[in-house]
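Protein chains: 2
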Amino acid sequence: MIKPKTELITKHEHIHKIADKISSKEMDSILKIQSCALKAIHDFMYEKEVLQLMPVMLSTITDPLCHSVYDAKIKYMEQDLMLTKSMILHKQMALMSPTRKAIYVVSPNIRLEKEHCRDSGRHLIEFSQVDFEFKDAKKEDIKDFMEDLMISVITRVKEDCKAELEALGRVGDKELTIPKKPFTRISTKDAIAKFGEEHESVLSEKATEPFWLLDHEREFYDKEHEEKPRVYLNYDLIYPEGFGEGLSGGEREHEYEKIIERMIRAKTKPEAYIEYLELARHGKLPKTAGGGLGVERLLRFLTGKKDIAEVSLFAKKAGEKIVF
Amino acid sequence: MIKPKTELITKHEHIHKIADKISSKEMDSILKIQSCALKAIHDFMYEKEVLQLMPVMLSTITDPLCHSVYDAKIKYMEQDLMLTKSMILHKQMALMSPTRKAIYVVSPNIRLEKEHCRDSGRHLIEFSQVDFEFKDAKKEDIKDFMEDLMISVITRVKEDCKAELEALGRVGDKELTIPKKPFTRISTKDAIAKFGEEHESVLSEKATEPFWLLDHEREFYDKEHEEKPRVYLNYDLIYPEGFGEGLSGGEREHEYEKIIERMIRAKTKPEAYIEYLELARHGKLPKTAGGGLGVERLLRFLTGKKDIAEVSLFAKKAGEKIVF
Chain A
1 MIKPKTELIT KHEHIHKIAD KISSKEMDSI LKIQSCALKA IHDFMYEKEV
51 LQLMPVMLST ITDPLCHSVY DAKIKYMEQD LMLTKSMILH KQMALMSPTR
101 KAIYVVSPNI RLEKEHCRDS GRHLIEFSQV DFEFKDAKKE DIKDFMEDLM
151 ISVITRVKED CKAELEALGR VGDKELTIPK KPFTRISTKD AIAKFGEEHE
201 SVLSEKATEP FWLLDHEREF YDKEHEEKPR VYLNYDLIYP EGFGEGLSGG
251 EREHEYEKII ERMIRAKTKP EAYIEYLELA RHGKLPKTAG GGLGVERLLR
301 FLTGKKDIAE VSLFAKKAGE KIVF
Chain B
1 MIKPKTELIT KHEHIHKIAD KISSKEMDSI LKIQSCALKA IHDFMYEKEV
51 LQLMPVMLST ITDPLCHSVY DAKIKYMEQD LMLTKSMILH KQMALMSPTR
101 KAIYVVSPNI RLEKEHCRDS GRHLIEFSQV DFEFKDAKKE DIKDFMEDLM
151 ISVITRVKED CKAELEALGR VGDKELTIPK KPFTRISTKD AIAKFGEEHE
201 SVLSEKATEP FWLLDHEREF YDKEHEEKPR VYLNYDLIYP EGFGEGLSGG
251 EREHEYEKII ERMIRAKTKP EAYIEYLELA RHGKLPKTAG GGLGVERLLR
301 FLTGKKDIAE VSLFAKKAGE KIVF
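Residue numbers (the numbering used here), protein chains in the order written: chain A, 1 to 324; chain B, 1 to 324.
One chain only, chain A, in its complex shape:
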C-alpha cells in the first residue's frame, strides 16, 4: 500500500466531491442531452454535406483571440507548438481545395483564462466547439444555417430527452421553446448606445428566444465591410434567459493586404503568422464564412444550469486547481 504525502491527504475530500459530481444522476441527464444534441448536429451536418474534420491541437499558429489569456505551448524537435485556441486559421486553409464546400470539427480549445474569469459561470480553460466554415458563404447564409441547426437541436432534445429535461427542471415556465426563424438581429453599436457595456447580458436576460448581435470589432480575421470602414461582417448568437453568448462567427478576411492592415489594427504580429500569410500573399486563402458553437455553453442553455462547470464532466474552471 503506498503512503500518500500528508499534504495530499488533505485534498482527498475534494477528490470525492468531484467523483460525486462525475457519477451523479444529474450528470447522467446532462450527458444524455449532450449526446442527443451532438447526434442532431452530426445528422444535420451530414445531410448538408458538411465534412467532419479531425481536430488540430498543436500548431505553429493559432487564433490570437481578442482577449488576453496565458500562453499554452510545448516544444517538439526544437520547435514551439501552440495549443489550439480555435481552429479558425486551419478552417480557412482546409477549404483551399476548389471543390471542398463546407467543413466542421468538434474542436477542443485551450484558453488559459486569467483569474478574473473564475466567477463568470461560463469560462472553462478547456472546452469544445462545433467549429464550421463554408466556402463563398455570406453572413446571412450562416445565420440561416445556424438557425436551422439550433431549431433541429432543440427539437431533437425535446423529443428524445423528455425525462432528462424534467429531471433537470426544464419544465413548466422553464421549458425550452423551439425558436422561430428568423431570429432577431441587433447591431452591437445600437445595443451599446442603449445599454452600455453590459448590453449582451441585459439583452440576454430580457430575451425569450436566441437572437443575433451583429458587428463587433475583434480579431483580424473577421471581415470588415467593404464600403463601411469599422463595420464588421460578424455575428454572435446570444441565448435567452441570461445564458449569453453561444456562438461567434463571421465572414473572413482572405486577402493579403487586408489581413495585414487588420493585423496591425488588432495589434497582432504578422511575423507570428508567416506561413499563413505566405498562402494569403499567393491568393490561396478562399473566401469563407463560419462560426463556432460552444458545446458546453449549448449544454448550459439546454439544461438550464447556471454554472458551466456543472455541465462539463471533467470541468476545468478558470483560476481553479485541477484534480482530474
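Keep in mind that the hints were calculated from the coordinates and are not lab data. Because the structure is a prediction, the values reported are computed rather than measured. Treat the hints with care, as some may be off.
Taking lysine-lysine pairs in the DSS-like style, the calculated list, with each CA pair at most 27 Å apart, reads [as the list claims (entries may be wrong)]:
| no. | chain 1 | residue 1 | chain 2 | residue 2 |
| --- | --- | --- | --- | --- |
| 1 | B | K85 | A | K17 |
| 2 | A | K258 | B | K162 |
| 3 | A | K73 | B | K317 |
| 4 | A | K101 | B | K162 |
| 5 | B | K101 | B | K267 |
| 6 | A | K85 | B | K317 |
| 7 | B | K181 | A | K138 |
| 8 | B | K39 | A | K158 |
| 9 | B | K101 | A | K25 |
| 10 | B | K73 | A | K73 |
| 11 | A | K21 | B | K284 |
| 12 | A | K73 | B | K321 |
| 13 | A | K39 | B | K39 |
| 14 | B | K174 | A | K39 |
| 15 | B | K25 | A | K138 |
| 16 | A | K21 | A | K306 |
| 17 | A | K321 | B | K269 |
| 18 | A | K101 | B | K21 |
| 19 | A | K269 | B | K73 |
| 20 | B | K135 | B | K181 |
| 21 | B | K135 | B | K287 |
| 22 | A | K321 | B | K284 |
| 23 | B | K48 | B | K101 |
| 24 | A | K75 | B | K73 |
Ranges between beta-carbon positions, derived for each pair [to be verified]:
| no. | chain 1 | residue 1 | chain 2 | residue 2 | range |
| --- | --- | --- | --- | --- | --- |
| 25 | A | K21 | B | K267 | 27 to 35 Å |
| 26 | B | E175 | A | H282 | 36 to 44 Å |
| 27 | A | L65 | B | K162 | 52 to 60 Å |
| 28 | A | R118 | B | K194 | 55 to 63 Å |
| 29 | A | G196 | B | E320 | 49 to 57 Å |
| 30 | A | S187 | B | C66 | 53 to 61 Å |
| 31 | A | H16 | B | S187 | 37 to 45 Å |
For every residue, glycine included, the Cβ atom is placed at its ideal position computed from N, Cα and C.
Fit chain B to the known structure of chain A by using the hints.
Coordinates of chain B only, in the frame set by chain A:
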C-alpha cells in the same frame, strides 16, 4: 508589406507543397470517406446508446503508455498539466455512475514520438481515436461490438463513397471486402513463437480480413487473467494487407491492490496517480472494458494509403518539422 526573414523564405517551397496536399483532389476523396466513416460510427453508437463525451486535453494524469515518448505538459496556476496521451483513466472515471453503461469520445491524443518512428508510416504526434468503454463488459462483448462496428463502417463507406474509393484505386483486386464475423483470433504468444518480434506485420501482410491479436503485456490498466498470471485480457484489432494495428483495448484493472501491483510491474510510479488511486482505494472505479480505434489508421486502411501522413489534413509526422 512585411519582409519575411531570409531563413524563412527558403522554407516557402515547403509551405506550398503542403498547401497543394491540403487542397488536392485526393484529399477531397479522403475527407469524404473520413466523414462517412465517422457518420457510420456516430449512428452506430447512438443506436446502441453509447453516450458521446467531450475530449479531455489537459489533466494532472494521463495514460503512461507502454512505449517511451517525449513529455508534453504545460503549467497553469502553478500546476503541471499533461496533454492527453489517451483518455483511458478518464474513461474509467466517466463510468463511475451506477446507471451509466457506455461512453465514447472522438479524442485527440498527443504523443511526442521519438525520431525513430519517423519512417513507420503510421505515427503522427497528434491523432484522434474513437475511444469507447463499456461498464461490466467482457472482452468477447467488446470484440463482438467492434466487429459489428467495423462491418458497419466498411459497408457504409462502400455504399456512400463509390466514386472516392475508385479515385483512390480501392477497386479490382484492391477492393475493400466486408469482413465476416467472428474475426480470426490469434494469441500474441503463439504468434511470437511462430513469427518472432515481427509477428504483427507478418500476419497483417498475409491477412485479407481484419483479425484479433490477443494477450499483450503492457500498461497497468489492462486486466490480468485472474487464474493465469501474465495472461492479459486485452486485444488489438489488426488490419489486413500490411496496414497493421488499428485498435487496442482490454478489460481493465479496477481494484486498488491489483492496480498497485500492476503499476509496480510496469514501472509506473503510483505517486503520479494519487487522485485516481484514491478513487480505486475506495472501490469507486467500475469494472469496464473498451478500446480505442485510431481514426487516421482507419482512414489509411479504408483508402489504401501507405503513409498515414497522406490521410491527415494537417499531418504532424514524428520527427519532422511542423508547418501548420
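Comparing the hints with the structure gives:
no.	hint	result
1	B/K85 to A/K17	26 Å, holds
2	A/K258 to B/K162	41 Å, violated
3	A/K73 to B/K317	18 Å, holds
4	A/K101 to B/K162	19 Å, holds
5	B/K101 to B/K267	31 Å, violated
6	A/K85 to B/K317	22 Å, holds
7	B/K181 to A/K138	49 Å, violated
8	B/K39 to A/K158	22 Å, holds
9	B/K101 to A/K25	13 Å, holds
10	B/K73 to A/K73	8 Å, holds
11	A/K21 to B/K284	13 Å, holds
12	A/K73 to B/K321	16 Å, holds
13	A/K39 to B/K39	10 Å, holds
14	B/K174 to A/K39	33 Å, violated
15	B/K25 to A/K138	25 Å, holds
16	A/K21 to A/K306	15 Å, holds
17	A/K321 to B/K269	22 Å, holds
18	A/K101 to B/K21	17 Å, holds
19	A/K269 to B/K73	26 Å, holds
20	B/K135 to B/K181	23 Å, holds
21	B/K135 to B/K287	6 Å, holds
22	A/K321 to B/K284	22 Å, holds
23	B/K48 to B/K101	10 Å, holds
24	A/K75 to B/K73	9 Å, holds
25	A/K21 to B/K267: 27 to 35 Å	33 Å, holds
26	B/E175 to A/H282: 36 to 44 Å	39 Å, holds
27	A/L65 to B/K162: 52 to 60 Å	43 Å, violated
28	A/R118 to B/K194: 55 to 63 Å	59 Å, holds
29	A/G196 to B/E320: 49 to 57 Å	51 Å, holds
30	A/S187 to B/C66: 53 to 61 Å	57 Å, holds
31	A/H16 to B/S187: 37 to 45 Å	41 Å, holds
Hints 2, 5, 7, 14 and 27, counting from the list given before, are not met by this structure.
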